[in-house]
Amino acid sequence: MLAAWRRLVAEPPLFIAVLAVFALLALFVIYPIFKVVEVSLVQPDGSWSLATFRTIFSSWYMRAALTNTLVTALIVAVLATAIGFAFAFAVTRTNIPFKGLLNTIAILPVISPPFVWSVAIIMLFGRNGFVTSKLLGLHDFNIYGMHGLVFAQVVTFFPVAYMTLKGVLESLDNSLEEAALDLGASRWHVFRKVTLPLARPGLASAALIVFIESMADFGNPLILSGSHFPTLAVQAYLQVTGMFDLRGGAALAVALLVPSLVAFVVQKYWVSRRRYVTVTGKPTGRSYMAVSRGAKAFLIAVTGLVSLLVISFYVAIAVGAFARLWGFDHSFTWRNFEYVFGVGREAILDTLVIAVASTPVAGILGMVIAFLVVRQRFPGRSTMEFVSLLDYALPGTLIGIGYVLAFNTRPLALTGTFAIIALHFIFRYMPLGIQAGVASLQQIHPSIEEAAINLGASTAQTFRKVTLPLVAPAFFSGLVFSFVRAMTAVSGAIFLVSADWQLMTVQILSQVGSGRLGAAAAFSMVLLAIILLATGTIRLLLGRAFGAAIQQRL
Amino acid sequence: MAALAMDIVIEGLTKVFVNRADPSRSVTAVNNVSLSIAPGQLVTLLGPSGCGKTTILRIIAGFETPTSGKVLLGGRDITHTPPNKRDTALVFQNYALFPHLTVWENVTFGLKLRKDISPEEQKARAERVLSQVGLSDMAQRSPDQLSGGQQQRVALARAIVNEPRVLLFDEPLSNLDAKLREQMRLEIRALQQRHGITSVYVTHDQSEAMAISDRIVILKDGRIEQAGTPEEVYTRPATHFVADFIGRANFVSARVAGVSKGGYDLEVNGRTVFVPGSGQDSFGPGDFVDILLRPENTYVLPRSGAVGQPVPGAGAQGELTPVVDGRLVRRSFLGAVVEYEIEVPGHPRLLAEMSNPFAWGLLEPGSEVTVYFSPRVAHLLRRP
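Chains as they are written, first to last, in my numbering: chain A, 1 to 554; chain B, 1 to 384.
No lab work stands behind these hints, which were simulated from the structure alone. Remember, it's a predicted structure, so these values are computed and weren't measured experimentally. Errors might be hidden in some of the hints.
[To be verified] Calculated pairs, DSSO-like style, for lysine-lysine (alpha carbon to alpha carbon, straight line, at most 30 Å): (1) K179/B - K465/A; (2) K179/B - K115/B; (3) K112/B - K85/B; (4) K85/B - K465/A; (5) K123/B - K465/A; (6) K465/A - K115/B; (7) K193/A - K99/A; (8) K261/B - K220/B; (9) K70/B - K85/B; (10) K193/A - K465/A.
[To be verified] Residues of chain B placed beyond 12 Å of chain A at every Cβ, according to the derived structure: (11) R58; (12) G62; (13) H80; (14) L90; (15) R158; (16) Q183; (17) A227; (18) V256; (19) V344; (20) S355; (21) V377.
[Claimed, not checked] Some chain B residues well away from chain A (every beta-carbon gap over 10 Å; in silico): (22) F63; (23) N94; (24) S332; (25) G361.
Note that beta-carbon positions come from the ideal geometry of N, C-alpha and C, so glycine has one too.
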């Protein structure tokens, strides 16, 4: 411990970097969270007690919100992980056709606003839904409630499970499965006894991440739950903005915090440690012997159905954006876009300015933290890693309320400013940069950096001349992800927007709230177009600079 | 040689890797190692994996801090000097070439960080070193466009171009195939001697160590077992471990019957043989010893009962003396040599390697044989 301190003091730039990161994390991550917990526990007379929780959960409605949120998250975690696994297995272990398309469809929802599907679902399955009312002639079908929410969340979050599981399955050498077949096991036996057990830590990890996402989701439940199916995130928002009850909102956010935090800690420190590293010699060619014809048919059916849904959602949004009145009058019109570019222009510009300003900061900070955490030894290293990931893992609702509580007084009176939204985005999406940085640093053998130091370079020179160029592709892909997230964020940001600084996502929600589905669809289209344009441009520019490496990552 | 003439001095070096969760599982990787290396020498740290050789090298380079002990470079204590402030250059096991830089940029990386060398001088030096390793044409390539041996040469050039006081090699040849390994070790030795750079070379390959070293330091469990020239450690190993690790070894158990004429009369399975002492050993009557017979000093002849029969080709070897009787259990004919394995009652099996096998006559497995040796090249070890 002493030696670690001595080393830190011996290198001033490193020491300053560590201190600065800790100071930033304390102020913009820990302090807001602490404020929420504090407000939920401190009574008006200054005493500490659980009275606020007793009061708020004395109503059956809020108790229902708690159980609804947990039960929904559990169901969605299981279903989304199963579908994600089907996609990942189909893409990595079979030779079914249209694999590239499957991969695209499974990744597309990640770059869409998290509640765009809810808009599409209402268009297709709502009271005047195209499928329910036009195709099936059902006029009393009600999409609002648990089933609607589960439906929307499964489609929204299965890509998260897919990306985790695709990585897991790709890293499992399929010569293990070939070995099992060679030893006389049936294909089903190989799947149950080899593939599935090896993928189990990945499955658990994916399910926990989906669980966290579902708990924290705000947009989908706001649109689809209806008043008979309360959920915590929505109730916390209504409590704060509708009833002006910050204390009650804080208590609900804390109720949301506890299960999320448990799931995050379990995922990070238990499940992800139980990963299997397959030791392999020379890579064998991909062969797809381990999947029977029946299994393949099943996979095609499942992935095909989900893909069809995703495509139909996009079509619905696109058609809806140009329809005069969805459900009644589908004649072509520019009216919705005129509305978006008229009334919504400021929101579009604000969103862009905030996202463009916050992502590079988030990216650089993320890289610095990744470098410190992976490559340097200093006291509090693992604490730094844990805290820096917190804002991403915890529900946005909690963070948003925290920022409102923490930064409404001098000297940091930021409420209603550009800075508060930008800071929120920086610390919420910086973990994407950290994760990308950590992953790529772990692939770079430490001896490459040691070689630079051995040749006389200082830590700072080594970082600039060797580490940074090598992690650049990861840096930019982290940047792209944080940009997309900043463009589509809503759950925390909705507490921070003001008349001066508006966000597109909040606008879309309010259009849905007032029944203007066409305008919401048009807004969504514009948002999607900006994201595709931005990621496409970055991809093109970087592809030229870094070759194929980054193409694969994006 | 006076102490001031030494380039590297290591004093009482100890490194404990502490397992904080379970202190009982802490590992003492280096245990009180002291060592001096004269200028221009190439010293090899040799030992099985886990013997602490790489840890010592990384301590000299500055990537590990010793738990106790000192490292002196040219008389200056550098134990706590950061690695980038040391005049040492390390050739990494995996080469650690910067994948985003060309060969030229890799080689000039260290030079560019130095203010005391003019750009023209830097260019001249880099060109000279690249031509010495035969890579002048490859300067603009990126490392992944080179073969393993070429990458190895770039790593070597990158280290040498800085003209460091000390060159460090961490198993630099372990990623190459056998033939290239033999070629590269000659090149490394030639370059090292040409530049006269003091070098520490880590390997677990004893033939590599023999081929390139001025001195070999044999390590086991973090301690020095023996240090000496390749000839010394081969012919006069200090311990059974060294005898076994450097080359192949037969041990024939014996008991000292008498001390005489600068040597020992030894009792072996009822025979008495005379073995001259090395001058450093001091055995007394009744001591149990092992006679170290290298396979090339182990001769197998048919047991005809006639002791003192003429031995073909024995002239150059001096007088051959019979030592034990046994039965031939394996014969492997390898062309230039023939390898025999002999079973001796109450003994581990003996291995003999006889060159010019047809002059001696090939023996059939199963036949009764007598094992001969030349006492002048035998070595005695106290039985542990």
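The hints, checked one at a time:
| no. | hint | in the structure |
| --- | --- | --- |
| 1 | K179/B - K465/A | 36 Å, violated |
| 2 | K179/B - K115/B | 41 Å, violated |
| 3 | K112/B - K85/B | 15 Å, holds |
| 4 | K85/B - K465/A | 17 Å, holds |
| 5 | K123/B - K465/A | 20 Å, holds |
| 6 | K465/A - K115/B | 17 Å, holds |
| 7 | K193/A - K99/A | 26 Å, holds |
| 8 | K261/B - K220/B | 35 Å, violated |
| 9 | K70/B - K85/B | 17 Å, holds |
| 10 | K193/A - K465/A | 47 Å, violated |
| 11 | R58 | 9 Å, violated |
| 12 | G62 | 8 Å, violated |
| 13 | H80 | 9 Å, violated |
| 14 | L90 | 5 Å, violated |
| 15 | R158 | 7 Å, violated |
| 16 | Q183 | 24 Å, holds |
| 17 | A227 | 26 Å, holds |
| 18 | V256 | 52 Å, holds |
| 19 | V344 | 41 Å, holds |
| 20 | S355 | 38 Å, holds |
| 21 | V377 | 43 Å, holds |
| 22 | F63 | 6 Å, violated |
| 23 | N94 | 6 Å, violated |
| 24 | S332 | 29 Å, holds |
| 25 | G361 | 45 Å, holds |
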